[in-house]
Amino acid sequence: SAVISQKPSRDICQRGTSLTIQCQVDSQVTMMFWYRQQPGQSLTLIATANQGSEATYESGFVIDKFPISRPNLTFSTLTVSNMSPEDSSIYLCSAGRGMVRQETQYFGPGTRLLVL
Amino acid sequence: QKEVEQNSGPLSVPEGAIASLNCTYSDRGSQSFFWYRQYSGKSPELIMFIYSNGDKEDGRFTAQLNKASQYVSLLIRDSQPSDSATYLCVVNLPTGGFKTIFGAGTRLFVKA
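Chains as they are written, first to last, in the working numbering: chain A, 3 to 118; chain B, 168 to 279.
Here chain B stands alone, though its shape is the one from the complex:
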């Protein structure tokens, strides 16, 4: 069973704080990792992808990958109420191409 696990939340943080979203995956050979954001009633949109161990920064977002621990996270600095959404961790399996598994998502609330 290929799994991607996330805490469903809700995770509540005050405006301006750092929101930390975590994800673990079961297939050690997984190669590509994505974070999508989904606002209520909308379709998912890509925030970041990461392929290599370490950190990858894009504006207020930082993705962190630790393949040894099978762990990927997303940090959101200076959280804004507009960041309130469900964040989906997505893992591409090592079968090649597009075999992707979606996590159940973590709901984030940023309080003004």
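Just chain A, with the same shape it has in the complex:
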């Protein structure tokens, strides 16, 4: 398994500003992901964070709005840019080995974001 930490754990931000969320894994993992979970909803994958290259974004998510970095195997950041109240959500980082039949993902505690 992997232990994942995120910071900040929560934040309240003003419209139009940006917030960077950090994710740290305690062991080397192949795959890191960023999800969004809105109240009462399931998880929606934003993107796969790729080490040393641009992230792979899911439909409906773009790099200009959610720039992602992954400088090494154990660390990634997600920035929520030019925020609006619609970005209020929980943002979750996850990590896993990315191997066939070892696809289990381990989740960080999440970052609760409120945009006013």
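For the record, the hints were derived by calculation from the structure and aren't laboratory data. Among the hints, a few may not be true.
Straight-line C-alpha distance at most 25 Å; calculated PhoX-like pairs for lysine-lysine [to be verified]:
(1) B:Lys209 <-> A:Lys9
(2) B:Lys234 <-> B:Lys223
(3) B:Lys266 <-> B:Lys209
(4) B:Lys266 <-> A:Lys67
(5) B:Lys278 <-> B:Lys209
(6) B:Lys266 <-> B:Lys234
Model the placement of chain B on the given structure of chain A, informed by the hints.
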């Protein structure tokens, strides 16, 4: 459209009963199936995974997979109030690697 469908619930069972959670998926080639539990205000945590048709047991939990019917279920025996949570069915698509789809989750309430 790749889909994983679950009854949103809430499913309410008395303490000590068997809770049965069900999930269907649309992509016939899906290979890996997971059940995660998510307590309110917490992040998801893995309960079980299953790859082969049939049953897989771990303590009070049994995962059942029927690929022909594209159906996966989770049984919780001797349900406890601490089992009250949302249970997420997760399917790994056959594109390889980590293309996963999360179901919307079923809320379970175990009444003491």
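Hint check results:
For the hint pairing B:Lys209 with A:Lys9, the CA-to-CA distance comes to about 15 Å; that is within 25 Å, so the pair holds. Distance restraint check for B:Lys234 and B:Lys223: the Cα-Cα separation of roughly 14 Å lies within the 25 Å cut-off, and the hinted pair is therefore satisfied. Our distance criterion of 25 Å between C-alpha atoms is met by B:Lys266 and B:Lys209, whose separation comes to about 23 Å. A hinted pair counts as satisfied when its Cα atoms are at most 25 Å apart, and B:Lys266 with A:Lys67 qualifies at roughly 22 Å.
Taking the CA atoms of B:Lys278 and B:Lys209, the gap is near 21 Å; set against the 25 Å cutoff, the hint holds. Straight-line distance between C-alpha atoms of B:Lys266 and B:Lys234 comes to about 18 Å, which keeps the hinted pair within the 25 Å bound.
Of the numbered hints given earlier, the model fails none.
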